[in-house]
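Read off the chains here:
2 protein chains.
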Amino acid sequence: MINEAMYARGAESSKIREIFTYACERKAQIGADKVFDFSLGNPSIPAPEAVRSSIERSLAECAPEELHGYTPAPGLPAARKAVAASLNRRFGTSYSMGDIFMTVGAAASVSCALHALTSPGDEVIVVSPYFPEYKVWIESCGCTCVEAPAKLYTFRLSVGSIMEAITPRTAAIIVNSPNNPTGSVYSREVLQRLANCLNEVNRSREQPVFLISDEPYRELTYGAEVPWVPDIYKNTVVCYSYSKSLSLPGERVGWVLVPPACFENARAMAAIAGSARALGFVCAPALFQRVVADCVDEPCNVGAYNRNRLLLVNELGEMGYSVVEPEGAFYLWVRALESDAEAFCERAKRFELLPVPSDSFGVPGWVRVGYCVSYDTIVNSLPAWRALMDSYR
Amino acid sequence: MINEAMYARGAESSKIREIFTYACERKAQIGADKVFDFSLGNPSIPAPEAVRSSIERSLAECAPEELHGYTPAPGLPAARKAVAASLNRRFGTSYSMGDIFMTVGAAASVSCALHALTSPGDEVIVVSPYFPEYKVWIESCGCTCVEAPAKLYTFRLSVGSIMEAITPRTAAIIVNSPNNPTGSVYSREVLQRLANCLNEVNRSREQPVFLISDEPYRELTYGAEVPWVPDIYKNTVVCYSYSKSLSLPGERVGWVLVPPACFENARAMAAIAGSARALGFVCAPALFQRVVADCVDEPCNVGAYNRNRLLLVNELGEMGYSVVEPEGAFYLWVRALESDAEAFCERAKRFELLPVPSDSFGVPGWVRVGYCVSYDTIVNSLPAWRALMDSYR
Numbered sequence: 001m002i003n004e005a006m007y008a009r010g011a012e013s014s015k016i017r018e019i020f021t022y023a024c025e026r027k028a029q030i031g032a033d034k035v036f037d038f039s040l041g042n043p044s045i046p047a048p049e050a051v052r053s054s055i056e057r058s059l060a061e062c063a064p065e066e067l068h069g070y071t072p073a074p075g076l077p078a079a080r081k082a083v084a085a086s087l088n089r090r091f092g093t094s095y096s097m098g099d100i101f102m103t104v105g106a107a108a109s110v111s112c113a114l115h116a117l118t119s120p121g122d123e124v125i126v127v128s129p130y131f132p133e134y135k136v137w138i139e140s141c142g143c144t145c146v147e148a149p150a151k152l153y154t155f156r157l158s159v160g161s162i163m164e165a166i167t168p169r170t171a172a173i174i175v176n177s178p179n180n181p182t183g184s185v186y187s188r189e190v191l192q193r194l195a196n197c198l199n200e201v202n203r204s205r206e207q208p209v210f211l212i213s214d215e216p217y218r219e220l221t222y223g224a225e226v227p228w229v230p231d232i233y234k235n236t237v238v239c240y241s242y243s244k245s246l247s248l249p250g251e252r253v254g255w256v257l258v259p260p261a262c263f264e265n266a267r268a269m270a271a272i273a274g275s276a277r278a279l280g281f282v283c284a285p286a287l288f289q290r291v292v293a294d295c296v297d298e299p300c301n302v303g304a305y306n307r308n309r310l311l312l313v314n315e316l317g318e319m320g321y322s323v324v325e326p327e328g329a330f331y332l333w334v335r336a337l338e339s340d341a342e343a344f345c346e347r348a349k350r351f352e353l354l355p356v357p358s359d360s361f362g363v364p365g366w367v368r369v370g371y372c373v374s375y376d377t378i379v380n381s382l383p384a385w386r387a388l389m390d391s392y393r
Numbered sequence: 001m002i003n004e005a006m007y008a009r010g011a012e013s014s015k016i017r018e019i020f021t022y023a024c025e026r027k028a029q030i031g032a033d034k035v036f037d038f039s040l041g042n043p044s045i046p047a048p049e050a051v052r053s054s055i056e057r058s059l060a061e062c063a064p065e066e067l068h069g070y071t072p073a074p075g076l077p078a079a080r081k082a083v084a085a086s087l088n089r090r091f092g093t094s095y096s097m098g099d100i101f102m103t104v105g106a107a108a109s110v111s112c113a114l115h116a117l118t119s120p121g122d123e124v125i126v127v128s129p130y131f132p133e134y135k136v137w138i139e140s141c142g143c144t145c146v147e148a149p150a151k152l153y154t155f156r157l158s159v160g161s162i163m164e165a166i167t168p169r170t171a172a173i174i175v176n177s178p179n180n181p182t183g184s185v186y187s188r189e190v191l192q193r194l195a196n197c198l199n200e201v202n203r204s205r206e207q208p209v210f211l212i213s214d215e216p217y218r219e220l221t222y223g224a225e226v227p228w229v230p231d232i233y234k235n236t237v238v239c240y241s242y243s244k245s246l247s248l249p250g251e252r253v254g255w256v257l258v259p260p261a262c263f264e265n266a267r268a269m270a271a272i273a274g275s276a277r278a279l280g281f282v283c284a285p286a287l288f289q290r291v292v293a294d295c296v297d298e299p300c301n302v303g304a305y306n307r308n309r310l311l312l313v314n315e316l317g318e319m320g321y322s323v324v325e326p327e328g329a330f331y332l333w334v335r336a337l338e339s340d341a342e343a344f345c346e347r348a349k350r351f352e353l354l355p356v357p358s359d360s361f362g363v364p365g366w367v368r369v370g371y372c373v374s375y376d377t378i379v380n381s382l383p384a385w386r387a388l389m390d391s392y393r
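Here the protein sequences come in this chain order: A and B. Here the first sequence stands for residues 1 to 393, numbered as in the UniProt record's numbering. Here the second sequence stands for residues 1 to 393, numbered as in the UniProt record's numbering.
Just so you know, these hints were derived from the structure itself, not from any lab. None of these values were measured; they are calculated from a predicted model. Hints are supplied without guarantee of correctness; some may be wrong.
Because identical chains cannot be distinguished in the list, a pair is counted as satisfied if it fits within a single copy or across any two copies.
[As the list claims (entries may be wrong)] List time: in silico DSSO-like cross-link candidates among lysine-lysine, alpha-carbon distance up to 27 angstroms: (1) Lys151 x Lys81; (2) Lys81 x Lys15; (3) Lys151 x Lys135; (4) Lys135 x Lys27; (5) Lys349 x Lys81; (6) Lys27 x Lys81; (7) Lys151 x Lys15; (8) Lys234 x Lys135; (9) Lys151 x Lys234; (10) Lys135 x Lys15; (11) Lys15 x Lys349; (12) Lys34 x Lys151; (13) Lys234 x Lys34; (14) Lys234 x Lys15; (15) Lys81 x Lys234; (16) Lys349 x Lys27; (17) Lys15 x Lys27; (18) Lys349 x Lys234; (19) Lys135 x Lys81.
The task is simple: from the sequences and hints, build the whole structure.
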């Protein structure tokens with residue numbers, strides 16, 4: 001019998017992907033330069049040259065049967081050691097390769113972490129607005145997705161709203177900073193307050209509430225500090241991906257870190273390995289694990305995104321749009337010009353502007369503008385944004 | 001709370017992986033040439049030169065942000081078209097790219113197919129001995145794994161035992177030919193008898209029983225015909241991977257085919273897309289989707305495996321071992337010299353021979369010898385096999 005829940009997941013598809021598909025079709029109709037596709041988080045910055053060099057070196061130096069062979073399920077030791085060493089250099093930690101499990105990208109990281117740290121019937125808290133796939137993965141674990149709204153208008157983390165959402169069934173909280181979709185970066189101070197509250201809550205629980213810190217945008221910031229969350233709250237499992245920092249979203253490679261100080265870390269790590277096995281992940285792609293080992297400290301070219309960011313924030317602001325100035329990631333969160341964001345996006349389509357309405361992120365009335373596009377796309381889109389604003393006057 | 005089921009999956013690990021890990025350690029102790037590791041299905045034949053050329057061409061011709069970018073969830077059109085065209089050429093079918101969903105390897109193919117075609121509480125039949133991960137994936141769907149024994153000693157498909165295992169709760173049957181672990185290839189005649197029986201069973205059901213045909217070894221045969229299963233039974237979903245035919249097991253790329261004639265094919269395909277999404281597979285690795293598009297018809301160098309096969313079958317047979325002559329794949333199924341295969345494997349270890357005991361494949365008293373190793377490994381292992389036999393006299 002065809003599974004109804006899976007059918008629904010496939011048939012509904014994601015709103016983001018739906019708009020992306022429309023953008024591709026529309027570009028074919030009227031020309032790629034006439035359509036302003038702000039839907040997907042597909043980096044416009046090329047992968048660094050070091051990625052190509054790493055692939056070429058592997059092809060030259062490594063026998064193909066070794067290069068493309070199965071890796072151990074937790075990943076190539078060289079990749080895991082390189083990741084641990086890089087974290088240790090940057091955050092003064094003392095992780096070892098045993099604390100790192102290489103994954104098939106951030107989606108796999110979060111999916112495996114959720115399967116490992118929850119049981120059916122549990123609740124997992126997300127901060128709304130949130131990346132829509134969190135809800136899909138949480139529900140796939142048989143858990144309930146509980147939304148804790150961020151602060152209105154600033155979209156910073158609200159410790160109060162998280163505390164209100166906690167119940168005895170709360171297994172984990174997903175935090176995502178730099179944030180998709182708002183670009184907000186959680187400060188050390190607010191994370192410390194969250195940790196204090198969670199430590200207080202944990203006193204009356206047998207098992208602590210886990211923080212799942214989903215950090216694919218860690219390197220994409222414009223000056224703000226991105227604190228190392230396990231230093232602030234010890235029961236933090238970190239999920240990472242090279243999709244954004246190395247511009248490798250299609251290659252599917254990332255990791256999960258279970259820090260040694262985390263509650264029952266060895267059991268948690270075994271459960272992550274078990275989740276990967278149970279879901280059908282055998283190992284992270286082998287060639288790109290070597291790329292990670294070689295390129296783990298490659299700097300991310302945030303300059304290009306910053307140029308896009310400043311242009312959009314300034315120009316849209318001058319036109320009269322309400323925007324949340326992003327401190328990280330490559331999304332601009334813009335107030336829709338009517339209460340129904342879907343209707344606003346339909347009208348924006350008439351001007352060939354394709355942002356994503358906020359409803360699937362769990363809040364009404366806003367849109368996400370992915371500025372991981374070329375600078376020219378942004379420059380060329382400005383008259384359309386102006387015309388869209390004028391159409392509401 | 002750490003999930004007990006996932007913890008158990010991770011802590012038990014797979015027997016195959018456990019022996020492989022022991023082999024690595026032992027090789028480090030006494031030298032790689034002294035240890036005869038027959039545990040893993042990691043091809044010893046290098047990927048064809050065309051794979052390297054394809055990667056080099058992609059690196060040279062394709063902008064990195066396009067090359068490594070997200071692909072559509074069902075895969076790059078070029079890859080899906082190439083797969084459909086290859087199947088059409090080989091099997092006289094008329095599939096289109098819409099019938100193909102690119103996956104993160106065969107494990108993802110089977111896992112997604114199972115999630116799509118079953119609901120919790122259903123039963124899925126496997127033919128024992130069977131690839132142990134089937135049970136893990138079936139149970140991850142909340143289903144029961146029901147074993148239908150193959151015919152004793154020949155290990156061919158027993159239609160009778162499958163029919164006995166069918167109940168109103170049977171959602172699907174996994175068939176795997178060429179077979180891991182026995183090397184047996186299911187004939188057209190036996191598959192036709194199975195199809196006739198299933199068609200009969202389906203008359204009294206609202207929904208048909210699905211066949212999930214897991215075919216990573218399709219190209220690895222030594223003369224036997226591997227019939228195209230959807231031609232024989234229309235409700236067949238085919239799972240494939242390039243791990244064996246292109247020697248790319250670590251790169252994780254394969255596909256699921258839902259043929260147009262399959263029951264509710266559009267809904268089934270949507271459910272597969274939904275399963276991939278729900279489990280955390282975003283897309284198959286992008287660079288290797290291009291490799292598939294380029295290399296889909298590369299011939300598999302079965303000659304080398306055949307040489308290994310003939311040597312092992314002849315020599316072990318002459319020593320007095322009972323073996324099942326494999327018609328495909330790269331495993332030899334050998335009767336243990338005592339009823340307890342685990343004990344037999346422990347004794348084999350003393351001679352540095354590392355086959356896999358049959359218990360985790362669902363039958364007692366046999367071992368799997370993976371001959372996807374170098375010819376020299378087999379030649380050098382022969383005295384050890386002889387000494388092992390002598391130790392039982």
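Identical-chain pair category, Lys15 with Lys349, by Cα at 27 angstroms | within (14 angstroms within a copy, 55 angstroms between copies)
Could you figure out if Lys135 and Lys15 sit no more than 27 angstroms apart (CA to CA) within one copy, between two copies, both or neither?
-> within (13 angstroms within a copy, 34 angstroms between copies)
Status of Lys27 relative to Lys349 across identical chains (alpha carbons, at most 27 angstroms) = within (12 angstroms within a copy, 63 angstroms between copies)
Should Lys27 paired with Lys81 be assigned to within, between, both, or neither, using CA atoms and 27 angstroms as the limit?
-> Result: close only across copies, 22 angstroms inter versus 44 angstroms intra.
What label fits Lys15 with Lys27 when the C-alpha limit is 27 angstroms: within, between, both, or neither?
-> within (18 angstroms within a copy, 52 angstroms between copies)
Within a copy, between copies, both or neither: where do Lys151 and Lys234 come within 27 angstroms Cα-Cα?
-> within (25 angstroms within a copy, 55 angstroms between copies)
Have a look at Lys81 and Lys234 and pick one of within, between, both or neither, based on CA distance no larger than 27 angstroms.
-> Result: close within a single copy only, 21 angstroms intra versus 49 angstroms inter.
Up to 27 angstroms CA-CA - Lys27 versus Lys135, copy category = neither (31 angstroms within a copy, 46 angstroms between copies)
Up to 27 angstroms CA-CA - Lys81 versus Lys151, copy category = Classified as neither; 39 angstroms inside a copy, 48 angstroms across copies.
Can you give me the call for Lys151 and Lys135, within, between, both or neither, at a CA distance of at most 27 angstroms?
-> Within one copy only: 20 angstroms inside, 46 angstroms across.
At most 27 angstroms between C-alpha atoms: does Lys234 with Lys135 qualify within a copy, between copies, both, or neither?
-> Within. Shortest intra-copy distance 24 angstroms satisfies the 27 angstroms Cα cut-off; inter-copy 35 angstroms does not.
Check Lys151 against Lys15 for me: Cα-Cα at most 27 angstroms, and say if that holds within a copy, between copies, both or neither.
-> within (24 angstroms within a copy, 50 angstroms between copies)
Checked against the numbered hints given earlier, the structure breaks hints 1, 4, 5, 12, 13, 14, 18, 19 and satisfies all the rest.
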